[in-house]
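Residues 121 to 320, numbered by the numbering used here, are exactly what the sequence shown covers, in order.
Don't read these hints as lab results, they were simulated from the structure.
Be a bit skeptical, because a hint or two may be false.
Quick list of in silico lysine-lysine cross-link-like pairs, BS3-like style, CA-CA up to 27 Å [to be verified]: (1) K141 to K155; (2) K167 to K152; (3) K124 to K141; (4) K155 to K245; (5) K167 to K179.
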Amino acid sequence: MDRKEELMTAMESLLPEQLSKSIRSITLHFEKHSKEIVHTFLEAFKKAVEQAAVLQDEKKKGKVRYILFSYLHSSIFLQRYLIRIDLMDHAFYSDSSQAVSYWDARDIYQLFEGDVEAIREELGKNYPRIREYEADYIRYAYAPYYHGVTKAFLQAMLEEALPESNFLPQQERLESFVSILFGEYMGEADILFHIGEESI
Numbered sequence: 121m122d123r124k125e126e127l128m129t130a131m132e133s134l135l136p137e138q139l140s141k142s143i144r145s146i147t148l149h150f151e152k153h154s155k156e157i158v159h160t161f162l163e164a165f166k167k168a169v170e171q172a173a174v175l176q177d178e179k180k181k182g183k184v185r186y187i188l189f190s191y192l193h194s195s196i197f198l199q200r201y202l203i204r205i206d207l208m209d210h211a212f213y214s215d216s217s218q219a220v221s222y223w224d225a226r227d228i229y230q231l232f233e234g235d236v237e238a239i240r241e242e243l244g245k246n247y248p249r250i251r252e253y254e255a256d257y258i259r260y261a262y263a264p265y266y267h268g269v270t271k272a273f274l275q276a277m278l279e280e281a282l283p284e285s286n287f288l289p290q291q292e293r294l295e296s297f298v299s300i301l302f303g304e305y306m307g308e309a310d311i312l313f314h315i316g317e318e319s320i
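Whole structure, please, built from the sequences with the hints as guidance.
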């Protein structure tokens, strides 16, 4: 087993332990700043909705069939923590007329770098001199835990927002069946919600 494999194996128990230490602080931050966090999200979502409407009016985009929230691996390494918001027609990733905006999710990822440093220190007890590129192994392995927190946050927020008539684009701009998804940009995504009824 090479050093990278050893580090990855050693991390397996450290990652969930570290998240469990941080999750209460993250939750308390949500509760304290929920209005501001929801406001920034809604503003970002509104921008994508407005772009989609313009493209539809110009006959460059069909009705919205997919609403996709995506994390970007590059954001983690740039410490920007952006969630990409796409409104797509039936062509999905082949929809060339992009209605896209970015939500700054730093409130969710605020403890991420501190957690990475704590994991690095713990690993350093058995693997001295953890290099910076090895810290990137930690970031890559640990990021899915925070993406999971983001997914849970979006599900809870959307559960509240979807019944509001002014949240989604106007009905005539939507397909009769819309999927709301969360996942890696240009990768796999999980379905958060379906809206409407799928035609048989």
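### Query
Do the alpha carbons of K124 and K141 lie within 27 Å of each other, as the hint requires?
holds (25 Å)
### Query
Has the given pair, K167 with K152, been kept, meaning a C-alpha gap of at most 27 Å?
holds (26 Å)
### Task
For the pair supplied as a hint, K155 and K245, confirm whether the alpha-carbon distance does not exceed 27 Å.
Violated, at about 41 Å.
### Distance restraint between K167 and K179, which requires alpha-carbon spacing of 27 Å or less
Since the Cα atoms of K167 and K179 sit roughly 19 Å apart, the hinted pair holds (cutoff 27 Å).
### Restraint status (C-alpha distance of K141 to K155 at most 27 Å)
Distance of about 25 Å is within 27 Å: holds.
Of the numbered hints given earlier, the model fails hint 4 alone.
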